[in-house]
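Residue numbers (the working numbering), protein chains in the order written: chain A, 1 to 162; chain B, 1 to 163.
If you are wondering where the hints come from, they were derived from the structure by calculation, not from laboratory data.
Derived EDC-like pairs: lysine to aspartate or glutamate, alpha-carbon spacing no greater than 20 Å straight-line: (1) K48(B) x D45(A); (2) K48(B) x D30(A); (3) K63(A) x E75(A); (4) K51(A) x E27(A); (5) K6(B) x D96(B); (6) K63(A) x D76(B); (7) K51(A) x D62(A); (8) K48(B) x D36(B); (9) K63(A) x D24(A).
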Amino acid sequence: MGGGVLLVLLGFLHGGYYALLDLDRHEALDASILTAMTSGAAAHDASAVTKALADYGNLQGDKAVKIAAHAHVIEFGLLSFILAFFQPYVDLSAKWKLRWAQILLLGSVMLPVCVLLEIRFGLVAGGLADFGGLLVILSLLGMWVGILRYTGRLDSPTGATR
Amino acid sequence: MSGSRKLLLVGGLLLAIWGMSYGLWYAVFAEHQALDNIGSSLSTSFAKAAERNPAASRAALQAYSAAQYVYIRQVDAHSHWIGLAMLLIVLGIAFDRVPYGQSRRFWLALALLLGSFVFPLGVVLENPGRAAMGRALAIAGSGLIVFSLAVIAAGFAWARADD
Numbered sequence: 001m002g003g004g005v006l007l008v009l010l011g012f013l014h015g016g017y018y019a020l021l022d023l024d025r026h027e028a029l030d031a032s033i034l035t036a037m038t039s040g041a042a043a044h045d046a047s048a049v050t051k052a053l054a055d056y057g058n059l060q061g062d063k064a065v066k067i068a069a070h071a072h073v074i075e076f077g078l079l080s081f082i083l084a085f086f087q088p089y090v091d092l093s094a095k096w097k098l099r100w101a102q103i104l105l106l107g108s109v110m111l112p113v114c115v116l117l118e119i120r121f122g123l124v125a126g127g128l129a130d131f132g133g134l135l136v137i138l139s140l141l142g143m144w145v146g147i148l149r150y151t152g153r154l155d156s157p158t159g160a161t162r
Numbered sequence: 001m002s003g004s005r006k007l008l009l010v011g012g013l014l015l016a017i018w019g020m021s022y023g024l025w026y027a028v029f030a031e032h033q034a035l036d037n038i039g040s041s042l043s044t045s046f047a048k049a050a051e052r053n054p055a056a057s058r059a060a061l062q063a064y065s066a067a068q069y070v071y072i073r074q075v076d077a078h079s080h081w082i083g084l085a086m087l088l089i090v091l092g093i094a095f096d097r098v099p100y101g102q103s104r105r106f107w108l109a110l111a112l113l114l115g116s117f118v119f120p121l122g123v124v125l126e127n128p129g130r131a132a133m134g135r136a137l138a139i140a141g142s143g144l145i146v147f148s149l150a151v152i153a154a155g156f157a158w159a160r161a162d163d
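The shape of chain A in the complex, shown without the other chains (with noise of 0.2 Å):
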């Protein structure tokens, strides 16, 4: 529950950040390459026009993986705050429950971070992103898997998992 609220804070630390130092920068440059590219093109100047759809590009790129990164910590630490609640029905022991927890928060500080380093070292933090994402996905399967267990317990006519 804690890891969720720190999430959801390193979110809209994040977003601050962003909204205070980039997004006006991001809506200025978005202005000058299309003028830019505007009078390329009307200047018949080739060069001026590629260098400027290069810029754009890369200033897609750079609002993608900002935004991106905001809107996937917050989620994941509203997620991780929702499965708390669910944490007595996971019927594993606490140390695998602790472990799933913790796997959770790992891939979900993980994904988001890799994300926003993607534009400066490309593939390799692409890689690491898909990583964390892969930890998330690891360990919902894993506190389903005890989720499971418990309503088997339940619907067992013994009471006693198998």
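Could you slot chain B onto chain A? The hints should help.
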């Protein structure tokens, strides 16, 4: 149910209804016009550039930027109101587990609710002409949210350490 939980749950639901109603109003009365404006000013800009009329091209691009600026803030406010409402509701379910006294929990819930309303409102008001007021409201609102969340996270950490 404690006052702080009630405040978060009822306030969160109201905020969700408000955010959705705002989105509905925006979609019906403003969004299509805004998107038409964005698309047409961008295409006008390129058309004028092709006609070798740089002044008209730049003017159309400025119109595109202005329309995009307002559109992004309207959509951001709508999504943040609803997202924050969900956060308030989820926190409201477990708020009694935050290990502070009733009074402190109530003030925390109030700060969170107020911040969740004021922050997107400031974003909407960040239109040209009143940008400073909007920005001040947005910063104050997000400050309230960040502060409350930090205190709540510390409370959960404290409770875990006690366990």
